[in-house]
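Visitor: Chain order of the listed sequences is A, B, C, D, E and F. Heads up: the first sequence begins at 1 in UniProt numbering, then just goes up one per residue. Heads up: the second sequence begins at 1 in UniProt numbering, then just goes up one per residue. Heads up: the third sequence begins at 1 in UniProt numbering, then just goes up one per residue. Heads up: the fourth sequence begins at 1 in UniProt numbering, then just goes up one per residue. Heads up: the fifth sequence begins at 1 in UniProt numbering, then just goes up one per residue. Heads up: the sixth sequence begins at 1 in UniProt numbering, then just goes up one per residue.
None of these hints come from the bench; they were simulated from the model. Be a bit skeptical, because a hint or two may be false.
Beyond 12 Å from chain B on every Cβ pair, some chain C residues (computed) [to be verified]: (1) Met1; (2) Asp58; (3) Glu66; (4) Pro83; (5) Val103; (6) Asp129; (7) Glu142; (8) Arg169; (9) Tyr188; (10) Met197; (11) Val237.
Pulled a few chain D residues facing chain E out of the computed Cβ check, cut under 8 Å [as the list claims (entries may be wrong)]: (12) Thr20; (13) Arg21; (14) Gln24; (15) Gly96; (16) Gln97; (17) Ser239.
Being a predicted model, the structure only gives us computed values, none of them experimental. A virtual CB, placed ideally from N, CA and C, is assigned to each residue, including glycine.
Protein chains: 6
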Amino acid sequence: MARIVCLGEIMMRLSAEVGTRLNQTSQLDVFYGGGEANVAVSLANYGHHVQYASKVADNAFGQAVERHLHSSGVATDFLLKGPGRLGTYYVEQGIGQKATKVVYDRQGSVFALMNELEWESTELFAEADVFHVSGITPALSEDWCQLTIQLMQAAKSAGCKVSFDSNYRQTLWTQQAAGEFLQKALPYVDYCSAGHMDAIHLLGIEEKTEVDVTNYYQAMQKLFPNIEVFFSTKRTVHSTSVNELQGNLWIKDQCYTSKNYVIDPIVDRIGGGDAFTGGILHGLLTEMNPQETIEFAAAAAVLKHFIKGDCNQYSEDEVRQFMNSESAKISR
Amino acid sequence: MARIVCLGEIMMRLSAEVGTRLNQTSQLDVFYGGGEANVAVSLANYGHHVQYASKVADNAFGQAVERHLHSSGVATDFLLKGPGRLGTYYVEQGIGQKATKVVYDRQGSVFALMNELEWESTELFAEADVFHVSGITPALSEDWCQLTIQLMQAAKSAGCKVSFDSNYRQTLWTQQAAGEFLQKALPYVDYCSAGHMDAIHLLGIEEKTEVDVTNYYQAMQKLFPNIEVFFSTKRTVHSTSVNELQGNLWIKDQCYTSKNYVIDPIVDRIGGGDAFTGGILHGLLTEMNPQETIEFAAAAAVLKHFIKGDCNQYSEDEVRQFMNSESAKISR
Amino acid sequence: MARIVCLGEIMMRLSAEVGTRLNQTSQLDVFYGGGEANVAVSLANYGHHVQYASKVADNAFGQAVERHLHSSGVATDFLLKGPGRLGTYYVEQGIGQKATKVVYDRQGSVFALMNELEWESTELFAEADVFHVSGITPALSEDWCQLTIQLMQAAKSAGCKVSFDSNYRQTLWTQQAAGEFLQKALPYVDYCSAGHMDAIHLLGIEEKTEVDVTNYYQAMQKLFPNIEVFFSTKRTVHSTSVNELQGNLWIKDQCYTSKNYVIDPIVDRIGGGDAFTGGILHGLLTEMNPQETIEFAAAAAVLKHFIKGDCNQYSEDEVRQFMNSESAKISR
Amino acid sequence: MARIVCLGEIMMRLSAEVGTRLNQTSQLDVFYGGGEANVAVSLANYGHHVQYASKVADNAFGQAVERHLHSSGVATDFLLKGPGRLGTYYVEQGIGQKATKVVYDRQGSVFALMNELEWESTELFAEADVFHVSGITPALSEDWCQLTIQLMQAAKSAGCKVSFDSNYRQTLWTQQAAGEFLQKALPYVDYCSAGHMDAIHLLGIEEKTEVDVTNYYQAMQKLFPNIEVFFSTKRTVHSTSVNELQGNLWIKDQCYTSKNYVIDPIVDRIGGGDAFTGGILHGLLTEMNPQETIEFAAAAAVLKHFIKGDCNQYSEDEVRQFMNSESAKISR
Amino acid sequence: MARIVCLGEIMMRLSAEVGTRLNQTSQLDVFYGGGEANVAVSLANYGHHVQYASKVADNAFGQAVERHLHSSGVATDFLLKGPGRLGTYYVEQGIGQKATKVVYDRQGSVFALMNELEWESTELFAEADVFHVSGITPALSEDWCQLTIQLMQAAKSAGCKVSFDSNYRQTLWTQQAAGEFLQKALPYVDYCSAGHMDAIHLLGIEEKTEVDVTNYYQAMQKLFPNIEVFFSTKRTVHSTSVNELQGNLWIKDQCYTSKNYVIDPIVDRIGGGDAFTGGILHGLLTEMNPQETIEFAAAAAVLKHFIKGDCNQYSEDEVRQFMNSESAKISR
Amino acid sequence: MARIVCLGEIMMRLSAEVGTRLNQTSQLDVFYGGGEANVAVSLANYGHHVQYASKVADNAFGQAVERHLHSSGVATDFLLKGPGRLGTYYVEQGIGQKATKVVYDRQGSVFALMNELEWESTELFAEADVFHVSGITPALSEDWCQLTIQLMQAAKSAGCKVSFDSNYRQTLWTQQAAGEFLQKALPYVDYCSAGHMDAIHLLGIEEKTEVDVTNYYQAMQKLFPNIEVFFSTKRTVHSTSVNELQGNLWIKDQCYTSKNYVIDPIVDRIGGGDAFTGGILHGLLTEMNPQETIEFAAAAAVLKHFIKGDCNQYSEDEVRQFMNSESAKISR
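Work the whole structure out from these sequences, hints included.
Guide: The following block contains the structure:
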């Protein structure tokens, strides 16, 4: 199996029970997650050797992050600890036509405040096959914009493929800032999860335009011929409880599309995209053919919606079984 | 904002978890609610100055009612306490095709046993804009039939608008008794929530007749020209988990109809009608136009279905956001 | 009412909460159930005098089984206790497109290890009207294959009707072994719950063949003219959360079919078939007409899906009310 | 084993978790219990044939009472059901120096409203060895004062021993009324649980007097020579969490005293006295010697304090094991 | 009753269940509290008109704070809301010899970042009898050191008594900084809760010296003759579960000491000191005599230890009942 | 830090809540533990490189064991998986004078059925400093008696110290069988946890004899001069909730005794001995002096009693802090 380094922020998530508002709840469920950490867990579940690099508070919650990652088999040789706080976010679970609401309390976290790289990059990327990072990291600060580029450069120098999930978050930065970062970062990227928002930032198209995914990937490809693979999910939101989800994968000038899933009802949508990315990377790293890769990734993404917490917790066998199942029987 | 007096019984509600029968449950969730109290909470959420007048047991549960109302900002200057019991009801939550079952244990409550008004009505209605009461109150006893009329008269004398939610409950009184009360009470009413059952009682139509809501309101209007506003929800019950809901508002000889919502899945339907009434009164009191009023009220009613407990717990902003949203995304 | 003897294994069921995987759960819900025990509970709910014969561990869990049965009014004069273990099974609840997963830990249970009958069969069947057993029992061991036949013979000698639910479980035995047992056992059977799998075993038809239920019952009837009644459910699995269910009853050369129910959403499917069998036996024992019988049984089966645990917990009145209801209102 | 008829009210108990006040709790634990019902459960646990006679609401909670009794093997041939309510009480669990607080909501229950005997007394006491009733029953109403005497008379006529637990409750009646009832009832009593309060009522002694239990029993014995056995617990309350408990048994002019137990910490004290009475009756009915009887009863009473709910849930073997144990080891 | 203004930070508290470590818990209980807010709740429970002035995040948790205060009847006319975060702290409950551990995450809260007074002080103190603040507030920042003095000055100008609870927290500031602040602040103080640490800061005594409380108060009094009242608890920690607690009150050159309580076992110690301060202020404001005041305050402090959460939730009657009770019986 | 191999069975533990009997509980808490696994977790917490060798079921519960070990940083290179079951045990938590009761369901587990070594012993012990095993393993079967000796021999050959915890369990084997095994095994042992029972087995002393620990160790030492270190805890059981615990360590002909702890109240005693062994091994491996070693081990053992589950979950720093603390304050 491959060796992968995922790097980014990981946070404590505190969720109220469905049907209870955050301003009234007397109990919160605790999970730990973050875009890159969720991808790390997926890949470790599939048997890869995964390092998760980050920085967490040197308190009970930093320890909890470590336990969380270890429990899924993710290595933490590059998980730094220091004085400060762990970013936190709160989830008011939606249902039916009521949207899920997230309240962030992530400012000033020990990760967000990092202003120079605290890893020795030759160690970090030694023998690594892939470096995975997301667009949330550069969105945390101007320092992180630069540090992210530095990390990509170091990874490339070390002979590592760079995987990037753009993951635009409007509460963290502007579209313009995101666009500028993408222009600088994408020349280092090999595998790119990019969606509609990235088209807006990079191709100068209008927000409301319906863009065919093939045209969009073609245009992106022209701008960044270094990118080997593009991928994204197409999600149709019927309600908080019912979504359709389909995966797209662009590789060697061809677009592959997965089965279209109706997910009904959704237990917990958070981390669905990360499960998809984990599935794509697994397909690429184990040399599945493109169609198999996109089917696997879409199945992984869908499965994530049926469990609580940010992480896909299914093995390769379980994802395949789901991918090939026709219906939902009791398996005795 | 306006000053509103809501008056009626408030009870303790004890609910078993979905999937567990009342005769087997080892745990019950505790809520407090009642038709007028739920309207009071909605209006306080929207920023009005609301007094809730009632009488509760002078024990831990009377205190709990007070805490419940205070937590939502409802004033309790007219919440009396006395020896006796608080009415109680038990809910076995339905789901899918299985109906929700309610077991009442409300007889002999300190409120139901009241046989003369224990408030000084000049104080009660001083500076009040609206007095809200429902048809559950007169259904409690013959005394309460008379006291309800007295309260309406006193409210009118004090220059207060009278809001009345007919809310027919067949376990409390007969259709005939309800009809007789309505004949006496409606001449004092300004805002009237009235549905199909009231048409039966007042217009002498058959129970199974499909009556167009416009014709029905026109006929009611002729009988009671003093009523400025009629409103009601049209609920189509596909199952306990899936309902359609649409609001109707009759004002100045015209009928306004809201968007038709599919609520899927329902978390807790109890109090949906009260949330609707709260929304209508808020629209009337803040001079929204009729279409905005009915859309606001319908949105408020629908939102209630996605949270546990009897009360709508959304602010005006949240109701408006829902009213204008197209789909259910995670709002990060 | 009738006197019925149900005999089979009963196990402890430990279920994780929906959305939580068995390999990560920190809490399990405890239920007790087994095919014949669930039928026993249904019939006791309907007012019959039911004996449940089995053997359980002489420890806290054997006591728990006894309490479980007693709480539903099932008599346990023939519930033996001995040193050993109670069979256990673990349930990872599915939802939406994610199947429910069962992990069995039933080997070596005190019941499965029984190698000679430990009841005096004249006592066991004294005054009994019906003896009910399922195909799970002979699947436990070769000894149990023989003991099951012995029990059927003894029941017939005692003038008892024999009810048999084939209930094929592929994790317990092969199709061939099941087929051989059926050939020996069915000549003693009066009431037979048999489905598609039994057709495969007995009629030599292909697994993928779509067989019309009427043809299938006719063919079965020819082979075993002693069988008075065949019955089965037709379940269409749209997802773990949504199934359609319809009952079929073959009696005196005619096939009766119930209303087709959409069950949406399912709370807990386990025991649905047993609730159906309980309904059929109740119809036969109280001399309902065939159409009423199949409607009653189908309604009972559907209701089971809306409560947690293996047992149907509805009285005859409640099943009838559901059978006749048009929609799911709050019944206040 | 013996045949015993216990008769009295049984209620639903709703308890908040330790550390949470009733006026703030959002969840209540459900138990069912009553003085005589708890004695019934104890005796059924010890293997006796016990009938529990009472009247409960014909709703889900009446069914719950039935399930509760059945689960412990208590027969309910004389458990009547009728329209009305089940008495309820609420418990705010104390701890340390904070007392436990009980809020009763038992007025107007279907049992309390009974004004003539609804059982055929020849059936009720047919073949019964003991009839057990407590002083809570006559305290419910003047009707029940008379009905209790009638029941005692009928029991005596049927050749039954009468067991009576005085169980004075100041919230239900005055000391004078209790004293008058005792004067009328005690002539029919064979086994009498009587404490300090009864001495006050009957012997005209001062409430604050320290009375030696032997003197007290002697004086009682002189007044009612028909009483064969007196028994009571001596409880020293160090705090809600720590009590000392010792049992006294007066039989054939001699007083037997059990080991003195320190109970630390107490989980749930309610029902401790009923567990003691159950132990005494078991000793008497199985012809233990007096010292063994009082030791068994005291051990049973103490054990009850370590489990939640009103009922002693230990078998004779478990009580004996506890009675003979020296310390609390893990029994593996 | 009196009018009191309490001002300070209020935080969300997230507690793991006893026996579960923060780094492993999957669930947290939610409470809201802060030194001055807890005093506010106590005083509102006793019937005073209390305003709580603070600043909270304009999100779900700011709303939750508001609901929390309202539910206890505390007015929030001066509770500001603004963008930012609510301070948070996490509690790992100790038990026995294992200490309770608190992890703070309060930096950068919207309250701590306040750098000028955002209330109009003439409005804030209009008609107020007492202004209560604690030493936690000046410890938050240098700005708050100055703002606290300004508030005290404004309160004095408005004719308000100033109550100050020194409440030294070593994680927030140094002893020296605390000492300097005290020198500046105490000249404005009328009622002062001061303990051993304050003696160290102000009187220059050694940390390990055993100081008699009377001598200590006398010395303090000489330095600050303006202070009318000193009070403090003497707590002897036998373990996390068992403490002794006694109250001291210095008034008019005399020291009054309460009963010494053994608290065993403690449910939740947090807020015990605030409950004591609330009791003292209530005594002073209702003109209890000094001995009654200190007994009331000590009883209130002890009661707090038996409930979860930061706030004393007992009425004056309940505190008095506890103060006068001899033992812990079930009060039926 | 050192490299340690721990080998033994690990089981699923299912615990009912305190105050609820196993035969009535509707929920069970899930933990994973076993003597050697608990030692492994302790040592990994202290920073050692620990391998846990065992065999578990290749199902969800085998995965759960893996997650459990990984979360504490224990390596599982030698954790085999195969078809079969994971041993299970059930705990009814005692409290006060009520003992904790354990119901085992461990027979036929995939580990217990192992009949030849499935590890390559040169790999297993490569570079290992210590091999730790307990007397539970040979008690599982005659095969395991022999395999345990083989493992000890292989470890010695590999230059590994052998640590052995005798841990006699009377439900698994007889005293005679245990004694015979000890005679064969102890010649290979370097570090030996041995208590009173071992003295009985080996020294032929009477079960009731009070043996001074020093004399006992001296006698053991004479028999097995190869053993460098003996250690054991002395536990005085006042009740299930209160124990005293003291550690003894015999090294180089001298006996070192720790502080005597009163543990009050105990949350969960299971695993206390394993935490002690973990502490001793840590002291030996990090070259603490003997007194420090025994104090550290005793403190670790005591701390374990305050958390739920089988494992000590404290770091070296936390154990040292506890070891040096005088009392239990809130550490803010």
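Visitor: Now, for every hint given, state plainly whether the structure supports it.
Guide: Against the structure, the hints come out as follows:
no.	hint	verdict
1	Met1	holds (20 Å)
2	Asp58	holds (26 Å)
3	Glu66	holds (17 Å)
4	Pro83	holds (31 Å)
5	Val103	holds (21 Å)
6	Asp129	holds (28 Å)
7	Glu142	holds (39 Å)
8	Arg169	holds (25 Å)
9	Tyr188	holds (36 Å)
10	Met197	holds (27 Å)
11	Val237	holds (15 Å)
12	Thr20	holds (6 Å)
13	Arg21	holds (5 Å)
14	Gln24	holds (7 Å)
15	Gly96	holds (5 Å)
16	Gln97	holds (6 Å)
17	Ser239	holds (5 Å)
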